[in-house]
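Number of protein chains: 2
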Amino acid sequence: MGDLEIRPATADDLPAIVAMLADDPLGAQRESPDDLTPYLTAWERLASDPSQHVVVAVREGRVVGTLQLTVIPGLSRRGATRSIIEGVRVHADERGSGLGTRFIEWAIDESRRQGCQLVQLTSDASRTDAHRFYERLGFTASHVGFKLQL
Amino acid sequence: MGDLEIRPATADDLPAIVAMLADDPLGAQRESPDDLTPYLTAWERLASDPSQHVVVAVREGRVVGTLQLTVIPGLSRRGATRSIIEGVRVHADERGSGLGTRFIEWAIDESRRQGCQLVQLTSDASRTDAHRFYERLGFTASHVGFKLQL
Numbered sequence: 226m227g228d229l230e231i232r233p234a235t236a237d238d239l240p241a242i243v244a245m246l247a248d249d250p251l252g253a254q255r256e257s258p259d260d261l262t263p264y265l266t267a268w269e270r271l272a273s274d275p276s277q278h279v280v281v282a283v284r285e286g287r288v289v290g291t292l293q294l295t296v297i298p299g300l301s302r303r304g305a306t307r308s309i310i311e312g313v314r315v316h317a318d319e320r321g322s323g324l325g326t327r328f329i330e331w332a333i334d335e336s337r338r339q340g341c342q343l344v345q346l347t348s349d350a351s352r353t354d355a356h357r358f359y360e361r362l363g364f365t366a367s368h369v370g371f372k373l374q375l
Numbered sequence: 226m227g228d229l230e231i232r233p234a235t236a237d238d239l240p241a242i243v244a245m246l247a248d249d250p251l252g253a254q255r256e257s258p259d260d261l262t263p264y265l266t267a268w269e270r271l272a273s274d275p276s277q278h279v280v281v282a283v284r285e286g287r288v289v290g291t292l293q294l295t296v297i298p299g300l301s302r303r304g305a306t307r308s309i310i311e312g313v314r315v316h317a318d319e320r321g322s323g324l325g326t327r328f329i330e331w332a333i334d335e336s337r338r339q340g341c342q343l344v345q346l347t348s349d350a351s352r353t354d355a356h357r358f359y360e361r362l363g364f365t366a367s368h369v370g371f372k373l374q375l
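Protein chains in written order, with my numbering: chain S, 226 to 375; chain W, 226 to 375.
Calculated from the structure, these hints are not laboratory results. Do not take every clue at face value.
Remember, identical chains collapse to one label, so a pair may be satisfied in a single copy or spanning two.
As the list claims (entries may be wrong) - Each computed SDA-like pair below joins lysine to any residue, with the alpha-carbon atoms no more than 20 Å apart:
id : residue 1 : residue 2
1  : K372      : H356
2  : K372      : R352
3  : K372      : R255
4  : K372      : G252
5  : K372      : Q254
6  : K372      : A305
7  : K372      : T353
Isolated chain S (complex conformation) (with noise of 0.2 Å):
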């Protein structure tokens, strides 16, 4: 497989992003792919955000994958910066590929650049394969994480 490379965003990988976060247990029941205007909407809100990070991940001109790293200042732990990941997607056809320790290998460097003291993610709870995942590289499952659907 050629070369993988891990870049910011842009709008136009928006429908591939798309794609891949309805090609997902979960997400096809809550994604419209055929219907990009939210997804153009919120773009503009997290491209104007300094604190957002979305990236692609791209191998031989295709994205292959995506996440978002949210830069969260803060005071407990004596003003900690922490970090959140959320939307990890990788493609179907790179699954097992190493691509996915490669996007959170890479989301802990670019968390130690911006000077956070802490990396945090939630996981749904059906997922125990991402479980596993993330305690292999390093996570704790030390937290329970609640959600409120408005």
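Using the hints provided, position chain W relative to the given structure of chain S.
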């Protein structure tokens, strides 16, 4: 008890906020209420970031609670904006007064006002009382929260 006001925090509230962060079984080990320098540095960053809302609850002129609400735009869930609640602390004298409920209800209402479709938070697995509290307020413990210290 007198009326309760929830308002944006100011730099003058930092000593009271840090005292509450430290007055907690987990916080006692990781905060430094005698040295506010790192908190003042973090405060500069928080105050200049429009996605960050650090608030305090005040009763009879005294700060009795704090929380941080972060608004995060995103692509997944049809470009949903979510909010994250962090650093919730209620003064020891106020526990059982209903302030915790008022506070989280404030955060939910504010999230709605900010156009969020989802409110999320993580709670240390050891805080089982807090878990029941969030479930009573409508949150679902659907996720596992992973952290990595840098």
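| query | Is it within a copy, between copies, both, or neither that the alpha carbon of K372 lies no farther than 20 Å from that of H356? | reply | Both: 18 Å inside a chain and 12 Å across chains, each within 20 Å.
| task | Can you give me the call for K372 and Q254, within, between, both or neither, at a CA distance of at most 20 Å? | result | within (17 Å within a copy, 28 Å between copies)
| message | At most 20 Å between CA atoms: does that hold for K372 and R255 within a copy, between copies, both, or neither? | response | within (15 Å within a copy, 26 Å between copies)
| query | Between the shortest in-copy and the shortest cross-copy C-alpha distance, which are at most 20 Å for K372 and T353: within, between, both, or neither? | reply | both (18 Å within a copy, 16 Å between copies)
| request: Using 20 Å as the alpha carbon limit, work out where K372 and A305 are close: within a copy, between copies, both or neither. | output: Between. Shortest inter-copy distance 13 Å satisfies the 20 Å Cα cut-off; intra-copy 23 Å does not.
| request: Could you place K372 and R352 in one of the four classes (within, between, both, neither) given a Cα distance threshold of 20 Å? | output: both (16 Å within a copy, 16 Å between copies)
| Within, between, both or neither, where K372 and G252 count as close if Cα-Cα is 20 Å or less | within (16 Å within a copy, 24 Å between copies)
When held up to the earlier numbered hints, the structure conflicts with none and fits them all.
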